[in-house]
Amino acid sequence: MTQALRSDLGSVPGHPSVAALRERFGSAVLRHEVVAGDEHVVYVDASRIVELLTWLKDELSQGFNFLSDVTAVDYGGGRPIQVVYQLYSIPHRRALRVKVELPLTNLRIDSVTRLWGTADWLEREVYDMFGVHFEGHPDLRRILMPENYAEGHPLRKDFPLRGRFSRAEQTRRALSHDPEDYYTPLELELGGVPQAVPWKETGGGAVPRASAREASDDGSEARRESHEGGAD
Amino acid sequence: MAKRTVELEVSRTPEAGMDFRPRLGLASPATLAVPEIGSQNMLINMGPQHPATHGVLRLVLELDGETVVRCIPHIGYLHSSFEKLGEYRTWNQIVTLTDRMDYLAPLIYNCAYVMAVEKMMGVQVTERCKVVRVICMELDRIFSHLLWLGTWAIDVGAITPFLYAFQERERVYKLHESLTGARITTSATRVGGMMADIPDGWAEGVRHFAETVPKTIDEIDLLLTNNGIHIGRTQGVGVISGEDAINAGLSGPNLRASGVPYDLRKDRPYYDYESYDFEVPIGEHGDCYDRYLVRVEEMRQSCHILIQALDRLPDGPINVQDPRVTLPGKTDCMNDMESMIHHFKLVMEGVKAPPGESYFPIEGSKGELGMYVVSDGGPKPVRWRIRPPSFVNLSTIPRLVEGGLLADVIMVNASLDIVLGEIDR
Numbered sequence: 001m002t003q004a005l006r007s008d009l010g011s012v013p014g015h016p017s018v019a020a021l022r023e024r025f026g027s028a029v030l031r032h033e034v035v036a037g038d039e040h041v042v043y044v045d046a047s048r049i050v051e052l053l054t055w056l057k058d059e060l061s062q063g064f065n066f067l068s069d070v071t072a073v074d075y076g077g078g079r080p081i082q083v084v085y086q087l088y089s090i091p092h093r094r095a096l097r098v099k100v101e102l103p104l105t106n107l108r109i110d111s112v113t114r115l116w117g118t119a120d121w122l123e124r125e126v127y128d129m130f131g132v133h134f135e136g137h138p139d140l141r142r143i144l145m146p147e148n149y150a151e152g153h154p155l156r157k158d159f160p161l162r163g164r165f166s167r168a169e170q171t172r173r174a175l176s177h178d179p180e181d182y183y184t185p186l187e188l189e190l191g192g193v194p195q196a197v198p199w200k201e202t203g204g205g206a207v208p209r210a211s212a213r214e215a216s217d218d219g220s221e222a223r224r225e226s227h228e229g230g231a232d
Numbered sequence: 001m002a003k004r005t006v007e008l009e010v011s012r013t014p015e016a017g018m019d020f021r022p023r024l025g026l027a028s029p030a031t032l033a034v035p036e037i038g039s040q041n042m043l044i045n046m047g048p049q050h051p052a053t054h055g056v057l058r059l060v061l062e063l064d065g066e067t068v069v070r071c072i073p074h075i076g077y078l079h080s081s082f083e084k085l086g087e088y089r090t091w092n093q094i095v096t097l098t099d100r101m102d103y104l105a106p107l108i109y110n111c112a113y114v115m116a117v118e119k120m121m122g123v124q125v126t127e128r129c130k131v132v133r134v135i136c137m138e139l140d141r142i143f144s145h146l147l148w149l150g151t152w153a154i155d156v157g158a159i160t161p162f163l164y165a166f167q168e169r170e171r172v173y174k175l176h177e178s179l180t181g182a183r184i185t186t187s188a189t190r191v192g193g194m195m196a197d198i199p200d201g202w203a204e205g206v207r208h209f210a211e212t213v214p215k216t217i218d219e220i221d222l223l224l225t226n227n228g229i230h231i232g233r234t235q236g237v238g239v240i241s242g243e244d245a246i247n248a249g250l251s252g253p254n255l256r257a258s259g260v261p262y263d264l265r266k267d268r269p270y271y272d273y274e275s276y277d278f279e280v281p282i283g284e285h286g287d288c289y290d291r292y293l294v295r296v297e298e299m300r301q302s303c304h305i306l307i308q309a310l311d312r313l314p315d316g317p318i319n320v321q322d323p324r325v326t327l328p329g330k331t332d333c334m335n336d337m338e339s340m341i342h343h344f345k346l347v348m349e350g351v352k353a354p355p356g357e358s359y360f361p362i363e364g365s366k367g368e369l370g371m372y373v374v375s376d377g378g379p380k381p382v383r384w385r386i387r388p389p390s391f392v393n394l395s396t397i398p399r400l401v402e403g404g405l406l407a408d409v410i411m412v413n414a415s416l417d418i419v420l421g422e423i424d425r
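Top line first, the protein sequences correspond to chains E and F.
Everything in the first sequence is counted per the working numbering, starting at 1 for the first residue and increasing by one.
Everything in the second sequence is counted per the working numbering, starting at 1 for the first residue and increasing by one.
Bound conformation, chain F alone (with noise of 0.2 Å):
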């Protein structure tokens, strides 16, 4: 155990009969006789109920005054694993436990799992399909994106941020909702298509939040960017190098502002998104405020994708036309016997994928969120396995904080984005 022996300086005339004061309120001369003070360091436990850890983190944390000597994160408080549920579950089910592992960012987490099962299959969906997933997409990446960015301001000490977010963020609930019905567990997508095409007039009600919302972030990046109290708490804080972060798996907005720029959307693009016109933004310092900075400019650059998204939305069907995984029309089933057998059959026994595997990564708002599937033929999968960007992200957290204060703590957590949904599944 770290021993740290405190010498206490007392200052002494040498001259007798001088007015002797002792310091720190000893009383006598005989209290000066021992000049030791045995100190050990205090251990606590940060969390798993604290409002800063975002969820049912805890840190147990070995002090040495203020400075963080070990950090011992636990997990698994949520542990309700997902991924033995998704076992006995057939493909189309599992759609609505993806939502519940991240439910700041339900949409992303719907169309992994069904792009990862759909590559799988073979199945390859319409362009109107294609299209409305990205401004799922990107609509979510905003959507969290706004929460961290109101909590982060929160735990710099600033409340209006959290409150401009969140009103902005109630703009995207009512939006997910005319969608499909839910505010958070969304379940919107489908092995071959979405859950159902867009309704009316919710395309304009995209394109009128991605043209409003810029001036909501312009005016949060307003009141922190130059902010004094928000650049001394992270400037410089929390700094991990390019080369280190990729070595320990960072991925997503964290990576990149260690300023290496790998972004999936860019370096393996999926649903044609090297044709969208977007920049990457990538950090120089790696500390917690490159963090801020880089997913305040992702926000507006998904304004841009979603505008483009809309501009190119294509009519057509939003399901393709493939037996295996979609549903015969209503009428159908009600005037032809083989219609109705088959509805009857991709109901109540599920699609069914051929045995197979696929590991598909996409770029979530947290970071690379892989849906590995496994398939031996049957209708539930043999293994569903998610890529945790918030896990992997999280377990940089001793390395991020040790040898920081207590206080930079709260900002290292807040800066990771992490959430504990979908750490512990």
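Pulled out of the complex, with its shape left as it was, chain E reads as follows (with noise of 0.2 Å):
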């Protein structure tokens, strides 16, 4: 009933163009690993990420055009994240896994977005829910939370399931959205808003628009101990 489960590499015959990739890039290559019977797993070294990926899309022998997926996984515990591109070649219908790990501390890693436009909004998703930068990406926007969201990147294993605001504080803020925090600059320059509003006179206290958009951590932090500090 039970199939070999994992890194058994004797029933199973190697990847081609893993071994292909151990020859071109040598050291980059970290690991190669076989899961549930037949998916092959290659980690790769973060910071030629590009480099592997394009010559896997454009080596003739090799042929990945289509990327199935982009993601990423948090184990926990301080773990670094894995960030997974599921890979397929139509032309030699194969699969291959490509990964590689960052660590907390420097969640960086180029896209690959030049490569295919797939990546375009499966890394805004990344980015969104771990936090992940991808460096180079055109438009690297959060895409399921909103633009102001302040509390976190929800996939990852430290944030808690209901957020990290308390429920009081998560209304309060759904309440105060401005109408124009549902545009991005670009629409808003578009439909000829002026951004240049340095100031807006609201009840709880005067906030730049601007840096409240920016960096709307702090913007927000600063209204809601002002909100506290009158309840009190």
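Keep in mind that the hints were calculated from the coordinates and are not lab data.
Virtual Cβ for every residue (Gly too), placed ideally from N, Cα, C.
Which stretches of chain F does chain E cover? Using the computed rule of at least three CB atoms under 8 Å from a CB of chain E, they are:
1) 357-367
2) 384-393
Using 35 Å as the maximum straight-line C-alpha spacing, the simulated DSBU-like pairs for lysine-lysine come out as follows:
3) F/K266 to F/K380
4) E/K99 to F/K130
5) F/K174 to F/K330
6) F/K215 to F/K174
7) F/K130 to F/K380
8) F/K352 to F/K130
9) F/K130 to F/K330
10) E/K99 to F/K84
11) F/K266 to F/K84
12) F/K266 to F/K352
13) F/K84 to F/K174
14) E/K157 to E/K57
15) E/K57 to F/K266
16) F/K345 to E/K157
17) E/K99 to F/K266
18) F/K84 to F/K345
19) E/K99 to F/K352
20) F/K84 to F/K380
21) F/K266 to F/K215
22) E/K157 to F/K84
23) F/K330 to F/K84
24) F/K380 to F/K345
25) F/K84 to F/K130
26) F/K380 to E/K99
27) F/K215 to F/K130
28) F/K380 to E/K157
29) F/K352 to E/K157
30) F/K352 to F/K84
31) E/K57 to F/K84
32) F/K130 to F/K174
33) F/K380 to F/K352
34) F/K330 to F/K352
35) F/K330 to F/K345
With the hints as a guide, dock the two chains, each given alone in a separate frame, to form the complex.
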């Protein structure tokens, strides 16, 4: 009933792309695993990810032209976050999973949007959910959470299930949204909304509009403190 | 900001004393001294509450007249973080989350999820279970495409196909209900098998559906395929080449409409799909019309697969006899202490998956539906990730609509066949 589960290299043939990667990139290929019977995972050096994926995509003998998925895995406990690329080669009918490990202190990796259009939204989602910064991404904004969401990155293991703020604070923030918060700076510019509104007089205290949007953590914290101060 | 100068062409006859008629309702020669009208592009919101966006999708469109200059999609209005919720549920409890993502094809999502978990655990399901799941998946492919076809017809301005399609969908709802007890939130699968074996008469019901639904599809086909309005609205609209489509990650019917013969049932076969006889329809032009043709033909092919699967439906147990995942029988639990403890532990603690991971892609109704599960040996996943086909398909919408007309945005959006429950998850 049960198949070979993990790292059983004896019963599974090696992956031709992994052998070719080893030959070409040598030490940048850190580790090769076989999981769930026949799925090949290769761990590579994060600093050379674009170079490596470009080769996998453009080299005719590899032809990994279809990027199925980009995602990340957080194992918790301070362990590095894995960024996972699911590649598939339509001409060769071959799949490969490429992983890189990023330490929590330096969650930065080069974007692959120039190789695959797919990566645009998928990398934005990983940034939104895990806080991984993709260098060179043309439009790295949050995608599922609102742009001024200040509670962090929800799929990280250190993020509590119900969010960081109290329910009352979450409600207050939801109600205090400005209609302009639902637009990106580009859209505001296109719509002719003057960006140079330096101060906005609101009940809780004056907060610079621009800085509240850009660094919502600081601005919102200030507002929250003044709000709580008022309640006392 | 792009500004456009409108040159007013005023026809003036050189001879004095002739009748001078200013155009454009300009009242006097004095106003003609202003030859320029400044114009600026307009920014409009389409959605999130708009019937033609098929859910809470919001598109911010920059318009130059009726031409779309720029399209900026906003999603996330239905976000409930199923992936995070999944990390707090046992492997079997997650099944209930999967059908709430794509409520237009719930059985496909139920099956895809447990198939990934079973692959990771190394559980081989029974032959009967395989065939039953194939029936479920093909049934829901038709189910999903019928909804797409009906709403597509509404978007193009035809109401009759919508009514025809929903009459047929009602029959699938009834089949769902007799199989699982629910019409939409089916939750029909379990790790190692199904919630229950198929009820008496269900297979005959599916066979009757598979034999009769092509007639309705033919009727809708007759109404739409050669319809001048339909052709005018969809041919040459939202064109994407095969190479661009692969690069943008389009999958499923959207990719095949661009001429790329990539179908996971043929290319990465699972559940013996290679032994079923069916064709994969391929488009040619990559426009909205070809996406329509591909989906209509896919429904017919799914009917073929359904009938073949019903013909080969084997007898035998539906659930695998594997103590790690299968509950012991009721009689055993009542009479035998070990079975009762086993039952208690499986129910209270949940199925335990060994450390490992698996990415299992299947051909969903919208495209490549991948489930990526990671386990550290506990009863709950470390990570459960859905590779969302609609999400990736929707990400191409700016390049499909930019440069086209505002009215074409509706058709392009309809042709992509999105479901926001799965995009936002």
